[in-house]
Amino acid sequence: MTPAIVHPIDWHLQVEDHLSKVDIGYSLLRPMTFTAVLGGQAELIKNNLWGGAAGTVPANLIDVRDVADVATRLILGGEASGPVRRPYHLTGPGGLSMDDIAEHLSLAIGRTVKYTHRTPDEQRALLLSLGLPDLVVGLLLGIDVEAFASGASTERPRPSRTFLGGRPAPFPTGSRKTQDSSGN
Numbered sequence: 011m012t013p014a015i016v017h018p019i020d021w022h023l024q025v026e027d028h029l030s031k032v033d034i035g036y037s038l039l040r041p042m043t044f045t046a047v048l049g050g051q052a053e054l055i056k057n058n059l060w061g062g063a064a065g066t067v068p069a070n071l072i073d074v075r076d077v078a079d080v081a082t083r084l085i086l087g088g089e090a091s092g093p094v095r096r097p098y099h100l101t102g103p104g105g106l107s108m109d110d111i112a113e114h115l116s117l118a119i120g121r122t123v124k125y126t127h128r129t130p131d132e133q134r135a136l137l138l139s140l141g142l143p144d145l146v147v148g149l150l151l152g153i154d155v156e157a158f159a160s161g162a163s164t165e166r167p168r169p170s171r172t173f174l175g176g177r178p179a180p181f182p183t184g185s186r187k188t189q190d191s192s193g194n
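Residue numbers are given in the numbering used here: position 165 of the sequence shown equals residue 175, and the series is strictly consecutive.
By construction, these hints were calculated from the structure, which means they are not laboratory data.
Bear in mind that the values here come from a model prediction, so they are computed numbers and not experimental data.
The beta-carbon is built from N, C-alpha and C at its ideal position, and this holds for glycine as well.
Heads up, some of the hints might be wrong.
DEER-style ranges, computed between Cβ atoms [unchecked claim]:
id	residue 1	residue 2	range
1	Asp131	Val32	17 to 23 angstroms
2	Val32	Ser160	26 to 32 angstroms
3	Pro143	Val32	29 to 35 angstroms
4	Thr126	Thr164	38 to 44 angstroms
5	Ala135	Val32	31 to 37 angstroms
6	Gly88	Val32	38 to 44 angstroms
7	Asn57	Leu117	28 to 34 angstroms
8	Gly87	Leu23	24 to 30 angstroms
Given only the sequences and the hints, what does the whole structure look like? Please build it.
Okay, structure coming up:
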């Protein structure tokens, strides 16, 4: 049986634990939660059901293209090879609460988008009633509770584009998939 809340960071920690036990160098990219997570919410947004247990703490979402740019720079620059063991914490341009994200989405799609704040139990019940598999529901709740509500996504140690000598992709750029798949 799937736990009520799946902790996505656990999978990453297992990889890091394994790497700590082998004698190889590595560059480990540790991005914050991706803006693309919102693309999976498009149907809920379209049907005015978007919400969750993310709370009101600002989340520092990162565009997956910024992570790819950092990886490319590390590989092509030779920094990702050799005996060095180095993690890179990557974040987006700054924190936005779910209500702030709803405002950005509203502007992007031309209609009002609202984020409905729910308890984890209320969110679980809604997602299960929509027919989502238990594992997916647990994972979505894990992202809400572990990454957002806990404040873990507020970390802002090194915006990805700052690492690259530019600015991180702004939030609306990362929300294109949500805009395109929202029916607007």
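Evaluated hints:
The hint said 17 to 23 angstroms for the Cβ distance between Asp131 and Val32, and at roughly 41 angstroms that hint is violated. Look at Val32 against Ser160: about 30 angstroms separates their beta carbons, and that is inside 26 to 32 angstroms. Between Pro143 and Val32 the C-beta distance comes to about 34 angstroms, which sits within the given range of 29 to 35 angstroms. In this structure, Thr126 and Thr164 break the distance hint of 38 to 44 angstroms, their C-beta atoms being roughly 21 angstroms apart.
Against the hinted window of 31 to 37 angstroms, the Cβ-Cβ separation of Ala135 and Val32 comes to about 43 angstroms, which falls outside the hint. Restraint check, Gly88 to Val32: a C-beta distance of roughly 21 angstroms breaks the suggested window 38 to 44 angstroms. Between Asn57 and Leu117 the Cβ separation comes to about 20 angstroms, which falls outside the hinted range of 28 to 34 angstroms. Separation of Gly87 from Leu23 is about 27 angstroms and conforms to the stated range, judged on CB atoms against 24 to 30 angstroms.
Hints 1, 4, 5, 6, 7 from the earlier list are contradicted by this structure; the remaining hints agree with it.
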